[in-house]
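So you can see what is in the structure, the chains are spelled out below.
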Amino acid sequence: MGIATMAALWMLGITRVRTMLWGLAVLGAALGGLPLYEGVSRGNGGGVLLGCTVIAVKAVAVPIFLNWNACRLQMTRDRTVGVGPGSAMLLGAAIVVLCFFHGQRFAAAGSSAGDAGLSIAMIALGLTLMMTRRLAVGLIIGFLVLDNGIFAFGFTQTPGMPLIVELGVLFDLFLGVLLAGFVLFRIRRSFEHLDVSEMRELRG
Amino acid sequence: MNIVLLLAACPVLIAVAALCIRDLRWVRVIGATGSMLHVCAAVAVAVPVLLGRPQTRLFASFQLDGISVWFILTNSLVFAGAMTTAALLLKDPAEIHLTERSGRALFGLSALFIVASNAVVCAADLGTLWVAMEASTLITAPIILLSGTRKSIEAAWKYLILCGVGIAFALLGTMMVMASAQRAELGTMSLNIEWLRSHAASFNGPLLRASFVFFILGYGTKAGLFPVHSWLPDAHSEAPAPGSMLLSGALLNCGMVSLWRIGGIFEASNSGHLLSRLLAPMGAVTVLAAGLMLVHQRDLKRMFAYSSVENMGLLAVAVGFRSAPIFALHALAHSLAKASAFSLSGCIAREFGTVTLSKLSGVMRLSPRLGFALLGAGAAVMGAPPFAAFASEWLLLARAADMHYFAIAIAIVIGLAISFVAVLIHLGRVVFGEKPGRAAKSRSGWSLIPSVVLLVAAAVAGIVVTPSLLASLERALGSGGIR
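Read top to bottom, the protein sequences are chains A and B. Using the working numbering, you'd call the opening residue of the first sequence number 4 and step up by one each time. Using the working numbering, you'd call the opening residue of the second sequence number 343 and step up by one each time.
Since the hints were derived computationally from the structure, they do not count as laboratory data. Just so you know, even glycine gets a beta-carbon here, dropped at the ideal spot from N, CA and C. Hints are supplied without guarantee of correctness; some may be wrong.
As the list claims (entries may be wrong) - Quick list of simulated restraints, FRET-style, between CB atoms:
1. B:ILE345 / A:PHE185: 52 to 62 Å
2. B:ARG364 / A:ALA96: 37 to 47 Å
3. B:SER572 / A:GLU41: 32 to 42 Å
4. A:ALA96 / B:VAL385: 51 to 61 Å
5. A:GLY48 / B:PRO809: 18 to 28 Å
6. B:THR698 / A:TYR40: 58 to 68 Å
7. B:MET378 / A:GLN107: 32 to 42 Å
8. B:ASP744 / A:CYS55: 54 to 64 Å
9. B:ALA351 / A:GLY46: 34 to 44 Å
10. B:ALA543 / A:ARG108: 17 to 27 Å
11. B:ILE756 / A:GLN107: 36 to 46 Å
12. B:ILE345 / A:TRP71: 23 to 33 Å
13. B:SER572 / A:SER115: 29 to 39 Å
14. B:ILE345 / A:MET9: 52 to 62 Å
Produce the entire structure from the sequences given, and follow the hints as far as they go.
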């Protein structure tokens, strides 16, 4: 959990797209490690399957796909809107500390309050990432961080959704990223840039 | 059971046909007939359930109760309207800025979308509900993209990101509901809506209330409630006309049905006051805000889209008051009227080459039939008698006054009045304006049929509403999962 939150915090402070994708992969691997570890230590086949799928999708498939996209579209650096990377990171650290100490408000009966706080912090970090990035890829990455936070909350605070629902969620996520990548190409082709803050044709 | 399978099989067949058959003419024929078949199947499924036969439990986590069959019926009517409109408008796809290929994609994606939205209204547990909802988002995004203009790409991007975040919040809400269960219940814990209803009273209050906020944000984004509605006008105005019909008539309802189901859980818990204190005021604010935004519209489809926002506000108030008949009646009324309006916007776009309000003028002179249909659709959308929206809006106001929510009633009245005048002025200019229009010959004969049929259906639904019918409707809708 700690590793995952640190990765999310780290991503707030960097602007190179490829480094951000590395952060995303570390985050996904750390999250996939949770069910995998629990599955192995309890001999639970479902947990192992879920852990492997999470790692395969969140830590391998999605970052590789986005990286391929970023290379094709020649995006290397993202810029920030409003606050710079340094202050965004400071803001993120404040969010993490705040959420960690108020975690018991979100914690389920009999679960760790720290984990609950960190998951909520990860969701907030994802939102911050989405709000402070200019390029469309930055938005997608922020969204994925947010989604990872929700997954972490679900895994640590609930007895677990039915496995089939969890897998359905992962599949949907994967499809969504594919689709968003496809839309990126279309944006590039007709706008000749990927700067979301410059997209303002629709008004009223 | 077999008929229920037909509900899924018809659209899937249409989608397969759209994928395999290269000739758009055949796809159009198959799409229109398949959607008619879908309506027949929906009626065959809905009537027994509404007449009070015991509810059917479908495989896994789907159910057929009063609310779900009612919305299957609504969905299938809108779907049939959209498919016939598409079949008629796509005679020459270039006229509405589509290619042969994107025309076929329109048929296929619409058919898949209707499967997803039927799954949403039938879902018996929160997990399935969420997955079906996400599927419907992913299927509709390409529909918005079909015309391939810069505006449509921007709209699709906005839609994907906003609804993606929204639906992620809904997932967080689902997980918070699970986390709020007490320890003793964890053994039998499930996401089944009935189970949650029966155990909701003992849940952890603060966490449950927090989850409600996330549900409103999440599914409210899909439904287009006020502060989180901003994707809606863009998506509705940029999608091709049949796509807008489906978005407005079926997709928004899916969001509202989800809120209705979740409202059922909260009604049974200790936090039931959230419904009338949070959701209903939010709906009233939506009505008011949409009314104000309707005033300065420059685009016919955007105008209808803002009117959808307004109607979703009314539905949210109905959900907040937990009034099943008003909710169901208004949803049906809005879906029929709005599908008809968007279908007409397709005809206008084809004949005049634009839907910008300032460039449209004198429709009545150029094509009296189109003019009358447009006036009728405007009346139906704004809830003028004899259309069904009049009855449901009236009932909703009476209900708000009965429950002593006068602030909500006043906000709704002001919002409705402003929007009525605004739409009347905009449509009046379009229909009766004197400026010479640029259209040549009128070709709207056959393509008006779907919208006129939908309008007649809306009028009939408005005329047959009587107190005794409402009482039996309440019983019928309560026959299933949510009482």
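Structure-based check of each hint:
1. B:ILE345 / A:PHE185: 52 to 62 Å: Violated, at about 37 Å.
2. B:ARG364 / A:ALA96: 37 to 47 Å: violated (58 Å)
3. B:SER572 / A:GLU41: 32 to 42 Å: Holds, since SER572 (chain B) and GLU41 (chain A) (Cβ atoms, about 41 Å apart) stay within the stated range.
4. A:ALA96 / B:VAL385: 51 to 61 Å: holds (59 Å)
5. A:GLY48 / B:PRO809: 18 to 28 Å: Violated - the Cβ-Cβ distance for GLY48 (chain A) and PRO809 (chain B), about 58 Å, lies outside 18 to 28 Å.
6. B:THR698 / A:TYR40: 58 to 68 Å: Since THR698 (chain B) and TYR40 (chain A) have Cβ atoms about 59 Å apart, the given range 58 to 68 Å holds.
7. B:MET378 / A:GLN107: 32 to 42 Å: For GLN107 (chain A) against MET378 (chain B), whose Cβ atoms are near 57 Å apart, the range 32 to 42 Å is violated.
8. B:ASP744 / A:CYS55: 54 to 64 Å: holds (57 Å)
9. B:ALA351 / A:GLY46: 34 to 44 Å: holds (42 Å)
10. B:ALA543 / A:ARG108: 17 to 27 Å: holds (21 Å)
11. B:ILE756 / A:GLN107: 36 to 46 Å: holds (44 Å)
12. B:ILE345 / A:TRP71: 23 to 33 Å: violated (46 Å)
13. B:SER572 / A:SER115: 29 to 39 Å: At 37 Å between Cβs, range holds.
14. B:ILE345 / A:MET9: 52 to 62 Å: holds (55 Å)
In the structure shown, a violation is registered for the earlier hints numbered 1, 2, 5, 7 and 12, in ascending order.
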